[in-house]
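So the protein sequences, as listed, match chains P and A.
Letter by letter, the first sequence follows residues 839 to 1242 of our numbering.
Letter by letter, the second sequence follows residues 60 to 437 of our numbering.
Any given hint could turn out to be false.
[Stated by the list, open to error] If you only want the chain A side, here are some residues facing chain P, beta carbon under 8 Å, derived:
1) V253
2) V326
3) F346
[Unchecked claim] Far from chain A, by Cβ distances over 10 Å, these chain P residues were calculated:
4) Y949
5) P1073
6) I1168
7) L1239
[What the hints assert, rightly or not] Calculated cross-link-like contacts (lysine-lysine; reagent style DSBU-like; alpha-carbon spacing at most 35 Å):
8) P:K956 - P:K1024
9) P:K1024 - A:K257
10) P:K1025 - P:K844
11) P:K1123 - A:K238
12) A:K323 - A:K257
13) A:K212 - P:K1215
14) P:K1233 - P:K1123
15) A:K212 - P:K1123
16) A:K323 - P:K1233
17) P:K1082 - A:K344
18) A:K199 - P:K1025
19) P:K1025 - A:K344
20) A:K257 - A:K412
21) P:K1123 - A:K323
22) A:K81 - P:K1215
23) P:K1123 - A:K249
24) A:K81 - P:K1233
25) P:K956 - P:K1215
26) A:K89 - A:K249
27) P:K1123 - A:K257
No lab work stands behind these hints: they were computed from the structure.
Please read these numbers as outputs of a predicted model, since none were measured by experiment.
Where a beta carbon is used, it is the ideal one built from N, C-alpha and C, also for glycine.
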Amino acid sequence: MSAAEKIDTDLEVFRAEAREWLEKNFPPSLKGRSGMMMGEDGPDASADFGKWKKTMGEKGWGTPTYPKQYGGGGLSQPQVRVLQQEMNRIGAWNPIGGMGVMMFGPTLLEYGSEEQKKKHVPGIVKGEVWWCQGYSEPGAGSDLASLRTQCVDKGDHYLVNGQKIWTSGAQFADMCFCLVRTDNTKKHEGISFLLIDMKSPGIEVRPIKLISGNSPFCETFFTDVKVPKENLMGPLNGGWTIGKRLLQFERAGLGGAPGGGGLNRGGETRSLDQVAKHYVGTGEKGRIADSDLRARVANHMMDMRAFMLTVQRSMAEAKGNSSPSFTTSIMKNAGSRIGQERAELLLEIMGSQGLGWEGEGFTRDELDTIRGWLGGKATTIYGGSAEIQNNIISKRVLGLLDHQ
Amino acid sequence: MAVLNEEQTMIRDGAKSWVQEKSPVTAFRKLRDSGNADGFDRAAWKEMAEMGWAGILIPEEFGGTGLGYLTLGLVLEETGRTLTASPLISTALTATTALLLGGNDAQKKKYLPQIAEGKLIATLAVDEGAHHAPEKIALKAEKSGSGYKLNGKKSFVLDGGTADLVIVAARTSGKPGAKGGITLFLVDAKASGVSREKLKTVDSRGVANLTFANVEVGGDAVLGAADQGDGLLESTLDRARAGLAAEMLGQAMQSFDVTLDYLKTRVQFGQVIGTFQALQHRAAKMFTDLELARSCVEGALQAIDRDANDVAQLASLAKAKVGDLVHLVSNEMVQMHGGIGMTDAHDAGLYLKRARAQEATFGGSSYHRDRYATLLGY
């Protein structure tokens, strides 16, 4: 048996194992309900969801690539693909998610101390600890490194004072990974990466109502919050490097994954041409009746295809290495732009039927479309705005210099 | 860049160094200025054939290497970078594809080994007007004895002035604009009744208008099934479009690289102009579009190699996306270079001109957006 054949055989053994385990453990009542992770009311509270989350968490397959020693699945990329195929086959989905899994966990595995990994990874793997991101401040958006939340060394603990904004899901979070200022004399080199328990005295969370009517983000206030010294991740004043690395994981999740942030906006799940035919009607040869709209739908669908081909290509090129690179900036920009264009086109296609806010007279898809259109405006702002991504591409990828 | 095997990497690297050494942009410029009537350098074409490029699509039994479309695309990308003028597109890509897809054993034996050796220039003659429109073919082929008699015109035929073999898409039934009724014919360019008029076009490559006046061909000149050549023609064109897109991608890469280099060296207001954010963001946009277009081009070539069922969609996607790209990048090349980019001595104009000619070849971006929608049923 050749090495390649051995790998194929091993994968098939794994497939059989995964199939049997999934069939035994996935509650059929949850079939096809993906994306129920964190709604307006917090995590899905049904009994079946709780059971499924617990089982997957214990198996470690909700974080399939995390090392086994911390409770992760310890699977190879080919095994992850097989697991995904087997889940798709029966309509199963991953109940473990959120910022802990997508962003903080990978960063913790790369930069955390052994004690920190042992303490925090299992909670992420089991989906028991929900993490939020304390990055932006009212005065530090695109210029994130100008952040001012103070962190002072008090000998046996740190004392944190300041305000964070756009902290996603802070109202439900157990823990916050936070960028804080530990040296006021330097900019980037005065920032540290701190893990803060959201139940600490002195933390106040206020949800922010957005134009979409939803409140996915919060303002978070820190007043004399005591944080144990062991919660500093990486070196003192060395938080900027870690913080940037985490953003790469964030952008990879936002732009790179099919159905991730940028492309999932707009409610409607039918293909755009089907929706257009439904609302606008068809003319000669079954074409969308409005020829200008038809051309723009085609242009959009071609952009979407180009984007998906690029996702496939970058996965093939990475050869199973899932670590994000600077190309994530390209994907984040392209994905968010295409997602927004889709939402704009959908609304145009739906006409007045796309204007419903709530209540009777509108379908679920129509209501989701307008909310998605508004919510999707955030995709070119969060995770580093489109302009910041262009700065990253021109400086880090193309090697252009800073203006003097 | 797609994941390449060892052989493909070797061919790509070989093409890269040959092009730099033997066929830089100055070679194309020299060709243009010399008033070369062929539109390409025969000595260079000989070398390209010796390296096996003319036979990349041709199976070993007919004298080629049979390495496929992605591999030919790698070479085209490199030759595109320096605007190398050669019969790669007309002969090694398009005519070869028609012979491979439609030819019987005798036809393949007769022509493919000569093409692989670089001894036969061949081309496909489709369009008859200013726009790409295969369905509007009017050139008539009527039964005559055991063969056919051809009457009509073909316009803007690639290497039409030098081709030895012209594959003519003719109408054997139905009216122009009607579906069906197309037949492909293998016509000797020296046959009685064929006249050709070489055109001087903005990109200085060898295109020609051809006229067919009572041109007699035998029954064995029919390529594929008589009167049912529509599918063969479209399949051939799709492969030609994807290959041409690879050449265009190479050009766009080079225009971009040269422009980026200029942004890093040109000083105004006491600093290199690449430090200005207005230019940085336009460069980032070009780079993003380049990456997306590359995925389309490679996706189309790979789909052809594995004989996927969405080749037509992907070919239209690639041609349209890379079509938009070459215009964006070549225009920015002129704009970002400023006055120097307007001079004939600078290369920017050459890229700008070539992009226009390619837009018109085998369908422009609008044509392919419309076709994409039609293929998807809307």
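Each hint, compared with the structure:
Hint on V253 (chain A) is violated. Least Cβ distance to chain P is approximately 37 Å, over the 8 Å limit. The beta carbon of V326 (chain A) is not positioned within 8 Å of any beta carbon in chain P (closest approach about 12 Å), and the interface hint is therefore violated. Among the interface hints, the one on F346 (chain A) holds; its C-beta lies about 6 Å from the nearest C-beta in chain P, closer than the 8 Å criterion. For Y949 (chain P), the condition that its CB be more than 10 Å from all CB atoms of chain A holds, with the nearest at approximately 28 Å.
Under the 10 Å C-beta cut-off, the non-interface status given to P1073 (chain P) relative to chain A holds; the minimum distance is some 31 Å. Interface exclusion of I1168 (chain P) from chain A breaks down, the closest Cβ pair being 5 Å apart, not more than 10 Å. Look at L1239 (chain P): its CB is around 5 Å from the nearest CB on chain A, not clear of 10 Å, so calling it non-interface is violated. With a CA separation close to 32 Å, the supplied pair K956 (chain P) and K1024 (chain P) stays within the 35 Å bound.
Proximity of K1024 (chain P) to K257 (chain A) is assessed by CA-CA distance (about 69 Å); at most 35 Å being required, the pair is judged violated. A distance of roughly 53 Å separates the Cα atoms of K1025 (chain P) and K844 (chain P); the hinted pair therefore is violated under the 35 Å criterion. Only pairs whose Cα atoms come within 35 Å are accepted, and K1123 (chain P) paired with K238 (chain A) is accepted, the gap being roughly 14 Å. Under the criterion of a C-alpha separation no larger than 35 Å, the hint pairing K323 (chain A) with K257 (chain A) is inconsistent with the structure, at around 42 Å.
For a cut-off of 35 Å, the pair hint linking K212 (chain A) to K1215 (chain P) is broken: about 54 Å separates their Cα positions. About 49 Å separates the Cα atoms of K1233 (chain P) and K1123 (chain P), which puts this hinted pair outside 35 Å; it is violated. This hinted pair checks out: K212 (chain A) and K1123 (chain P) have alpha carbons roughly 30 Å apart, not beyond 35 Å. Using a Cα cut-off of 35 Å, the hinted pair K323 (chain A) and K1233 (chain P) holds, with the two alpha carbons roughly 11 Å apart.
For the hint linking K1082 (chain P) to K344 (chain A), the alpha-carbon distance of about 22 Å falls within 35 Å, and the restraint holds. At most 35 Å may separate the alpha-carbon atoms for a hinted pair to count; K199 (chain A) and K1025 (chain P) exceed this at roughly 76 Å. The suggested pairing of K1025 (chain P) with K344 (chain A) holds, with an alpha-carbon distance near 29 Å, which does not exceed 35 Å. As the CA atoms of K257 (chain A) and K412 (chain A) are separated by approximately 18 Å, the hinted pair is consistent with the 35 Å bound.
Under the criterion of a C-alpha separation no larger than 35 Å, the hint pairing K1123 (chain P) with K323 (chain A) is inconsistent with the structure, at around 52 Å. For the given pair, K81 (chain A) sits about 51 Å from K1215 (chain P) by alpha-carbon distance, which is inconsistent with the 35 Å threshold. With a C-alpha separation of about 43 Å, the suggested pairing of K1123 (chain P) with K249 (chain A) is violated against the 35 Å cut-off. At most 35 Å may separate the alpha-carbon atoms for a hinted pair to count; K81 (chain A) and K1233 (chain P) meet this at roughly 34 Å.
The suggested pairing of K956 (chain P) with K1215 (chain P) is violated, with an alpha-carbon distance near 38 Å, which exceeds 35 Å. Taking the CA atoms of K89 (chain A) and K249 (chain A), the gap is near 29 Å; set against the 35 Å cutoff, the hint holds. Pair hint K1123 (chain P) plus K257 (chain A) does not hold up; C-alpha atoms about 39 Å apart against a cutoff of 35 Å.
This entry does not satisfy hints 1, 2, 6, 7, 9, 10, 12, 13, 14, 18, 21, 22, 23, 25, 27, going by the numbered hints stated previously.
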